[in-house]
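A.B. asks: Sequence:
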Amino acid sequence: MEYTVLGKTGLKISRMGFGGIPIQRIDAEGTKVLMHQLQAAGVNFIDTARGYTVSEEYLGYALEGIRDSFVLATKSMSRTRDAMAADIDISLKNLRTDYIDLYQIHNVTPEQLQQVVSPGGALEALLEAKAAGKIGHIGVTAHSMDTFRMVLDMDWVETVMFPYNIVESQGTELIHRCAEKNIGFICMKPLAGGAIEDATLALRYVRSNPDVTVVIPGMADPKELSQNIAAVSDTSPLSAQEQEKLQQIRDSLGTQFCRRCNYCQPCTAGISISSCFLFDGYLQRYGLADWAKQRYASMDTHASDCIGCGACEGRCPYHLPIRDMLKKVAQRFGE
Numbered sequence: 068m069e070y071t072v073l074g075k076t077g078l079k080i081s082r083m084g085f086g087g088i089p090i091q092r093i094d095a096e097g098t099k100v101l102m103h104q105l106q107a108a109g110v111n112f113i114d115t116a117r118g119y120t121v122s123e124e125y126l127g128y129a130l131e132g133i134r135d136s137f138v139l140a141t142k143s144m145s146r147t148r149d150a151m152a153a154d155i156d157i158s159l160k161n162l163r164t165d166y167i168d169l170y171q172i173h174n175v176t177p178e179q180l181q182q183v184v185s186p187g188g189a190l191e192a193l194l195e196a197k198a199a200g201k202i203g204h205i206g207v208t209a210h211s212m213d214t215f216r217m218v219l220d221m222d223w224v225e226t227v228m229f230p231y232n233i234v235e236s237q238g239t240e241l242i243h244r245c246a247e248k249n250i251g252f253i254c255m256k257p258l259a260g261g262a263i264e265d266a267t268l269a270l271r272y273v274r275s276n277p278d279v280t281v282v283i284p285g286m287a288d289p290k291e292l293s294q295n296i297a298a299v300s301d302t303s304p305l306s307a308q309e310q311e312k313l314q315q316i317r318d319s320l321g322t323q324f325c326r327r328c329n330y331c332q333p334c335t336a337g338i339s340i341s342s343c344f345l346f347d348g349y350l351q352r353y354g355l356a357d358w359a360k361q362r363y364a365s366m367d368t369h370a371s372d373c374i375g376c377g378a379c380e381g382r383c384p385y386h387l388p389i390r391d392m393l394k395k396v397a398q399r400f401g402e
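Residue numbers (the numbering used here): 68 to 402.
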């Protein structure tokens with residue numbers, strides 16, 4: 068396993084980490100087996116979140132006795148000081164540890180980012196927790212290009228997590244800026260939420276970009292671990308045949324695939340369009356139907372609220388038939 072430094076955090080981590088979403092499909096004992104296999108394989112970066120239902124709790128159980136072998140990251144959707152402080156304490160309890168190496172503000176929008184950094188915002192709690200030794204470093208995760216641009220100019224941001232894969236490469240220039248500013252870049256969704264079936268090619272593509280600090284595929288099976296390690300360990304240049312297959316994947320997914328750039332916003336009806344497509348991806352691909360339905364139901368507006376005005380389609384740089392896509396999402400969620 069190759070190791071690198073996670074930007075200005077100074078943390079030494081494996082070039083491939085572990086994404087904690089899929090362990091919701093297994094149990095605590097299965098998670099324990101998987102964590103010991105990660106340790107044996109030299110994978111030492113683990114990412115989870117308060118929002119991943121039982122993920123923190125399973126990991127807390129699984130990491131007992133081997134916690135110090137890992138760099139542990141989690142995240143919270145809280146935007147205020149009090150809510151973030153409470154979430155940090157819950158994470159510490161769930162993970163059965165007295166410190167978390169990296170705590171991230173989860174999926175923050177540009178508007179929410181202003182709240183986070185204002186008096187009484189979540190950043191105050193994070194800085195207080197850092198000073199108290201509860202957390203080591205602070206990062207941001209996002210699906211919005213605007214958020215990505217904004218946080219690169221905020222000195223307190225030590226890492227950024229953003230989607231990057233064969234069909235979602237819109238962040239390439241900003242990922243390079245991360246490298247220039249010594250901000251660790253954590254690649255999430257390397258398989259585009261499961262839309263890319265060839266995991267080996269997907270991970271080889273991500274690893275071919277030297278600006279990516281660590282890639283965190285979700286894994287719930289030892290076979291997936293072995294396959295993914297082999298993929299990221301192969302640092303040979305992508306072959307002509309692989310390049311051809313990359314283009315085939317782009318051609319098959321690109322015309323009907325939301326990259327979550329959010330250029331389509333704001334929606335006239337107040338729908339978070341990219342979130343609808345995000346949860347639809349979880350519903351169809353991750354085997355997490357109940358969780359996807361719960362997250363979707365918690366949204367203030369849904370795909371069925373579309374009034375068909377078409378304003379979003381005029382803004383979409385990929386010319387997606389968003390109205391038709393939203394109708395299909397509404398049908399799949401039973402609306």
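Each hint should be verified, as a subset may be incorrect.
[Claimed, not checked] The calculated lysine to any residue pairs, modelled on SDA-like cross-linking and capped at a C-alpha distance of 25 angstroms, are:
#  : residue 1 : residue 2
1  : LYS201    : LYS290
2  : LYS360    : ILE93
3  : LYS394    : LYS312
4  : LYS360    : SER342
5  : LYS360    : ILE374
6  : LYS197    : GLU124
7  : LYS394    : CYS334
8  : LYS99     : ILE157
9  : LYS197    : GLY132
10 : LYS75     : THR120
11 : LYS75     : ILE93
12 : LYS201    : TRP223
13 : LYS79     : GLN104
14 : LYS395    : GLN308
15 : LYS160    : THR120
16 : LYS312    : ARG82
17 : LYS75     : GLY261
18 : LYS395    : GLY261
19 : LYS248    : PRO177
20 : LYS79     : LYS197
21 : LYS201    : ARG216
22 : LYS99     : LYS395
23 : LYS394    : SER339
24 : LYS290    : ASP156
Derived by calculation from the structure, the hints in this document are not laboratory data. Just so it is clear, the structure is predicted and the values come from calculations on it, not from any experiment.
A.B. asks: Taking the hints in turn, state whether each one holds.
C.D. replies: Okay, the hints, checked on the actual structure:
1. LYS201 x LYS290: Violated, at about 34 angstroms.
2. LYS360 x ILE93: Given pair LYS360, ILE93 holds - Cα atoms ~18 angstroms apart, limit 25 angstroms.
3. LYS394 x LYS312: It is violated: about 31 angstroms lies between the C-alpha atoms, which goes past 25 angstroms.
4. LYS360 x SER342: 12 angstroms, holds
5. LYS360 x ILE374: Measuring from Cα to Cα gives roughly 22 angstroms; hence the hint holds.
6. LYS197 x GLU124: This hinted pair holds, its Cα atoms lying about 22 angstroms apart.
7. LYS394 x CYS334: 15 angstroms, holds
8. LYS99 x ILE157: The hint holds at about 20 angstroms.
9. LYS197 x GLY132: 24 angstroms, holds
10. LYS75 x THR120: Violated: LYS75 and THR120 sit about 30 angstroms apart, past 25 angstroms.
11. LYS75 x ILE93: Since the Cα atoms of LYS75 and ILE93 sit roughly 34 angstroms apart, the hinted pair is violated (cutoff 25 angstroms).
12. LYS201 x TRP223: 16 angstroms, holds
13. LYS79 x GLN104: 19 angstroms, holds
14. LYS395 x GLN308: Since the Cα atoms of LYS395 and GLN308 sit roughly 34 angstroms apart, the hinted pair is violated (cutoff 25 angstroms).
15. LYS160 x THR120: Holds, at roughly 14 angstroms.
16. LYS312 x ARG82: With a Cα-Cα distance of about 24 angstroms, the restraint between LYS312 and ARG82 holds, given a limit of 25 angstroms.
17. LYS75 x GLY261: With Cα atoms ~31 angstroms apart, LYS75 and GLY261 exceed 25 angstroms; violated.
18. LYS395 x GLY261: Status holds; Cα separation ~18 angstroms.
19. LYS248 x PRO177: 20 angstroms, holds
20. LYS79 x LYS197: Roughly 19 angstroms between the alpha carbons, so the hint for LYS79 and LYS197 holds.
21. LYS201 x ARG216: Cα-Cα ~28 angstroms, so violated.
22. LYS99 x LYS395: Violated, because 38 angstroms separates the two Cα atoms, which is more than 25 angstroms.
23. LYS394 x SER339: 14 angstroms, holds
24. LYS290 x ASP156: Roughly 34 angstroms separates the two Cα atoms, so the pair is violated.
In terms of the numbered hints stated before, the structure departs from hints 1, 3, 10, 11, 14, 17, 21, 22, 24, listed from lowest to highest.
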